[in-house]
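Here the protein sequences come in this chain order: P and Y.
Mapping the first sequence onto the numbering used here, position 264 (from 1) lands on 264, and the numbers just tick up by one.
Mapping the second sequence onto the numbering used here, position 44 (from 1) lands on 44, and the numbers just tick up by one.
No lab work stands behind these hints: they were computed from the structure.
Heads up, the beta-carbon is just placed ideally off N, CA and C, and yes, glycines get one too.
Any given hint might turn out to be false.
What the hints assert, rightly or not - Ranges of calculated distance between the beta carbons of each label pair, as one might list FRET restraints:
1. Y/LEU100 with P/ASN381: 25 to 35 Å
2. P/ALA258 with Y/PRO135: 20 to 30 Å
3. Y/PRO203 with P/GLY424: 53 to 63 Å
4. P/ASN381 with Y/GLY96: 24 to 34 Å
5. P/GLU479 with Y/ILE57: 41 to 51 Å
To be verified - In silico BS3-like pairs for lysine-lysine, Cα to Cα no more than 30 Å straight-line:
6. P/LYS400 with P/LYS455
7. P/LYS400 with Y/LYS246
8. Y/LYS246 with Y/LYS68
9. P/LYS400 with Y/LYS68
Stated by the list, open to error - Coverage of chain Y stretches by chain P, computed from C-beta distances (three or more under 8 Å per stretch; other residues unrestricted):
10. 22-31
11. 51-60
12. 70-83
13. 251-259
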Amino acid sequence: MNLIHRKQPAVWLKGLILTVLLILAGCQPAATPEPTPMPTPVGEETPMAEETPMAAERQGVLRVSAFAISQTDPAYISSDSEVLIANHVYDYLVDVDANNDIQPRLATEWTHSDDGLTYTFTLAEGVTFHDGSALTAQDVVYTFERLRDTEGLPTVDLYANITTIEATGDLEVTFTLSQTNPFFLYDLSDNHALIVKDGAAADGGDADAAGFNGTGPFVVTDYQPENRIVMEANTDYFVEGQPHLAGLEIIFFADQAASADALQGGQIDLTMDLSTVLYENLREVDGLTTYDIATNQFAAVRLRTDQAPGNDPRVIQALKLATDRQAIFDLVQQGYGAVGRDTPVGPIFDTYYTEDYALPERDVQAARNLLAEAGYANGLNMELNLLDTLNFPDLAVVLKEQWSEAGIEVEVVTLPESVFYGEGQWLEVNLGIVGWGHRAYPQFYMDVMLTCGAKWNATRFCDEELDRQIAIAGSSLDEQERVNAYHEIQRILIERGPLIVPYFFAEYAAISDQFEGFELKAFSGRTDFRTLGLAE
Amino acid sequence: MDKARDTLLEWGDWIWSGLRQLYACPASALGTTIFLLFLLLALFGPLIAPYEANQQIVEDARQPPSPKHWFGTDHLGRDVFSRVVLGARDVLSLAGLGTLAAVAAGTIIGLISGYQGGWLDEVIMRFFDSLLALPALLLALLLLGSLGGSRNSVLAVIVIVYAPIVARVVRSVVLSVKTKSFVEAARVQGEAFWYILLREIFPSTLPALAVEASLRFSYAIFLVASLGFLGIGVQPPSPDWGLMVKEGRANVTQTPWALYFPAGAIALVVIGVNLISDSLKQILQVPSQLERR
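One chain only, chain Y, in its complex shape (with noise of 0.2 Å):
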């Protein structure tokens, strides 16, 4: 139990510097503040929105923002407030758990690629190369063409257009650290292959993968946000952001607000984690050697 508790203190304490950390500068504690905002949106979004998401309120339909209506109603009577609340947990679980699985799946394949090299490595560079010669969203929607719109390819297309950049990251700070003095140590006490990986180099590449991981995120937020507008993503009546932008902008002059509110929260979540995004890399000082070629 004591051992427990230590470990969640020692989180608790972790966190808290990395907040005060962040809260140093004007920018990034801007930044924090509307990130955190749009989390707790996404936490308690049932218990904030007056209405539920899909609530169609025929005699309210296409109304403008009022204390009934803070953002108006959509041209099916839908209260834009609630929709934006309720879709910040959509956007930002769908952008965060794709942001994690894709971190994941490139560490462990630029880890093993830029330390074991030779034609392993040229085999996977030059796949990811060829994956990155497309525009991400290009790339994403070819994929969503083939598995369909859902959830859950969203989560995949996120996946597979992100991995390959994070593993490319990766790749490079091992490339600059396998043959430090460190490593070479170890794999002289004839230390396991994994145990070199995950335990003396991994380590060095957290800081470089902590901002990556952040401008990734941000860029799910906008590949998801994207993916709804085109109507290929998550599927209608979600209040998936980029979604409600897609009807908005069809109803844009009878319902402006519906497309200015769901606009404005993406726009706003994006500065959010860029800001964050930026102080971490001078707070981390991640070396220039990270630079990309």
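So here's chain P without its partners, still in its complex pose (with noise of 0.2 Å):
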């Protein structure tokens, strides 16, 4: 064979595409920290949705298109997709709805102490798990009790504040706590607390131990990694007429473009992983119904205070000087989702939310003179790391040409996720660009990435003042209080803050017309499909 003909194009666009595929397949969601959820009275006791008997009638299965899941183990779960399955398969004691308002799952009702330390709640009766084996009060004790004690869960610290969880008859289990927390409801909904059952992780670590084995809606029938997790109706399941579906199918694609062509093309029914540009076109195609609802999951662009430049406070008040919030908005997210104050408390936060303290207007000028009286006069050279999908590349992209305006230029250096969050970057890097996912109560962001010291400090800013606000507004059972603890955080933090938050993200979803009774969730992998049906 000659040498001159030996490789024809087309043969290499074959294998080009073949390997494109390869490297889409390895691909991962970002990841989205586990979320928790906004405060309503503690206590207050909601009866059972009554729901219309159809449980002979089950019919339809549902296919949605999710990334590859990891972890199976409820304590171990993160992304939306593996809560997503979690969430079908488990049951939460508590759970939380579109509005954010507590709602009972596997606790029918539940009464606290005046003094706010104990809880007790009482277990509806007859769950079965999907191994025959009936529910009890010592699985809800063995589940938290192993959420707290695992070292490395996430939920070791977000428990720390409990003392004892006992078993107070067959169907009751009673919390005590060390000190008041007004969120503890939606600590008790946390992503990870879905109850298995007793002595399910036995030997302590296997994280594959809870096997499937829940209470929940649907009953896994096969698992085939990478590709699929086929589920059928829990015909026991504990909530009459409950779920409405025959099955469901959780079908993994490598990305999100892939998951829309499949909608259209009629192999999927439910997408919720889409870009701003992709939902946008989704709007328009006959036969599917669309929903964006805002969200608290931001893209926060920080600056290390522990080391040069970002330890002169001056730096960090030239980058929001010289940032253009509502030009990012306009670009990056096209108007969907929220304009960013460079805190963590969004609109969606609703009285604790505020936008009574300005964010300095845009000036270029006098970002350059801060930044002169920092001593670099001649500008400023700095890598801006980040996560190189969604659509942190083009903020960045953004923010490089705003931020040059005023003498700050910075080399982009997009990772992928196995190094930027696996391998800790997004916490040691000197600027960067973070996403947080959402949480339904804006105390979790305060707890882990404001107060000094705290686990996902990544700019180690470190202010009195705020960390008493924050202390504050996670203890505090008077709403007013807490109210304004918020409002005092969201001064300081744009004040002297070290971060900028251009935006907060919207969720997207679009399902075929032939289903109904669909309501998203803000974090897409709590999004319930226990009430969603065959359209009539």
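Mind assembling these two chains? They're in different frames, but the hints should get you there.
Structure representation (structure tokens):
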């Protein structure tokens, strides 16, 4: 064969396409660190929703696209798709609805003591695990003991405030706290707090110990890693008439464009993994219903305050002054979501959120002056590190351009998720963009990313006054006091905080018109298919 | 001075006669024209492009092609025409430098390996075999995974991926030439190792090398674009064509022009260089003994 014609471009192209597919197959969704849920008055009892009995006529199989999962044990899950699957195989003690209100699930009712330190939950009757055994209070005790005792679990810190967990009856569980926590019910509804069977992980560490043996609305019949997970309705589910569907199939896709195509081609019925652009496209497709809702997911541009140049507060102020948040929002988000105000408290937090404190207007000259005062009269050169997925690269490109007008030159360095999160780069890099997942209440962000020495305080920012307000917000049982504290927190962060939060994301979904009863949640993995069914 | 002028004139003559031969048949004329056009863009891009590569015009974002923006604007309000024009320099220089380095390294290794023979030849060739067993792109991905994405690592990757191929071609020529009597004669005369390699053997490899180099160049353009497309080569916001295709693909329904123009540019340059490469082969009459084993 002749040298010149040995390699035809066509063959080469096929190789390229194959390799691209291979690489895409290795992609994972952006890690959205585990969320937790917005306060309602504690101890409120909500009656079970009455469902029309239709157990005998369950029909339809919903096919949903999701990124492939790596964890199946509820204690270790974190991504949207892992939570989505676990949420339908297992049940939470209490759940959070789309309005961020606490709803009963396995616990039908609960009370708390006057001092706010003891909570007693009553479990639903007649609940069985998929292996046929009955749910008892001991299973709940076991689940939460495991979540707070197993080293390395993200829930250990979350539940550090619990002193005892006791089965005070066959179907009654009592939690005792060491200090008041207005968000305790939301903590109990944490993504990981799905009830598993007593002793499910008897050896203590086996991540697959729970083995899909939940009490949830669907029973796993086939799990093919990297391919799909097939479930059928749990005919013994404890809520009368639920689920409405006969089956649920979660099909794993490597990228968002592929799932959008599959939806249009009729290979799947629902996708919740959509970029703004893909969502815009699907809105015009016949036979689909589309949803977009505001969330508190945000992109945080953060500079370390424990090393140059961020150890001079004027540098951070200069970055803030050089940033045009509205232009970023228009270009990168195309108007979906909300413009950020440099704090993790987004507009969806309602009374906790405030616009009373003005962000300084963009002022390139003022930014230059501040930099000069800080000793960077000739400009500043830095690396901007970020995840190579979602619209983070777009954000970086727009920022680079805006900042360069103020003499701040950044070199964009995009890193794959395995490096950025997997190797902890997001905590180490000097200047970076970090995505934060949705939480149903703002305290989570305060505790893990803003207090002095917090585990995920990547900026190493430490401010006494801020810490004091965070402590008040996280422990006061007086709603007005909490509101005031959150407003103070926002004032401090706008005034001297270490973050630029240019925008809050929206969450998107598109579902085939053949189904009805879909309700998208801000953390899409917590979306509930129990009341979703075939349209009439 | 005169000598320098003579050399310049000589080079001018050489280029001129080369161009005349390339323009002798329609296919290579087309290829040469395309390539020269892009070469002009690469050299004078900043004078031609109406906007800067990363200039974001917020109010003009997502505009279709128009007299104001010939190729439209992308999702961030950047002028696609300017980016394609300014990207030419990046792509051509990266692929060009990479190819030059790969050809230089491959030639030296191929000459030594082929002429020396024995265990050295055996070791080098088996090592190259193992490199060539991996598809070029996969090898590039593995290397970039460990080097990290940047201009220099892409350059290094081109060299590592293509030098073995060049070395094999050179070696096969050396093997056929080194038993020829003029090489024998040089050896008998007691000429130095390097003298024999460079003065006696190297000239015979030139025709094959020229064809191989032009071919490698077109593949290098492809490789640079592919790596950009996969997001592991040149980093944003560089107006790298592959990177533009990647960004354009994500936004294809809103701004299809931001995908088609850079993709078209890649295709056009590669076609142009391939046409040149084909006619080089005919002009230089690369002998058929170069068939790969």
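Hints versus structure:
| no. | hint | verdict |
| --- | --- | --- |
| 1 | Y/LEU100 with P/ASN381: 25 to 35 Å | holds, 30 Å |
| 2 | P/ALA258 with Y/PRO135: 20 to 30 Å | holds, 23 Å |
| 3 | Y/PRO203 with P/GLY424: 53 to 63 Å | holds, 56 Å |
| 4 | P/ASN381 with Y/GLY96: 24 to 34 Å | holds, 28 Å |
| 5 | P/GLU479 with Y/ILE57: 41 to 51 Å | holds, 47 Å |
| 6 | P/LYS400 with P/LYS455 | holds, 29 Å |
| 7 | P/LYS400 with Y/LYS246 | holds, 19 Å |
| 8 | Y/LYS246 with Y/LYS68 | holds, 24 Å |
| 9 | P/LYS400 with Y/LYS68 | holds, 25 Å |
| 10 | 22-31 | violated (count 0) |
| 11 | 51-60 | holds (count 4) |
| 12 | 70-83 | holds (count 3) |
| 13 | 251-259 | holds (count 3) |
In summary, the structure is inconsistent with hint 10 from the numbered list given earlier, while agreeing with all the others.
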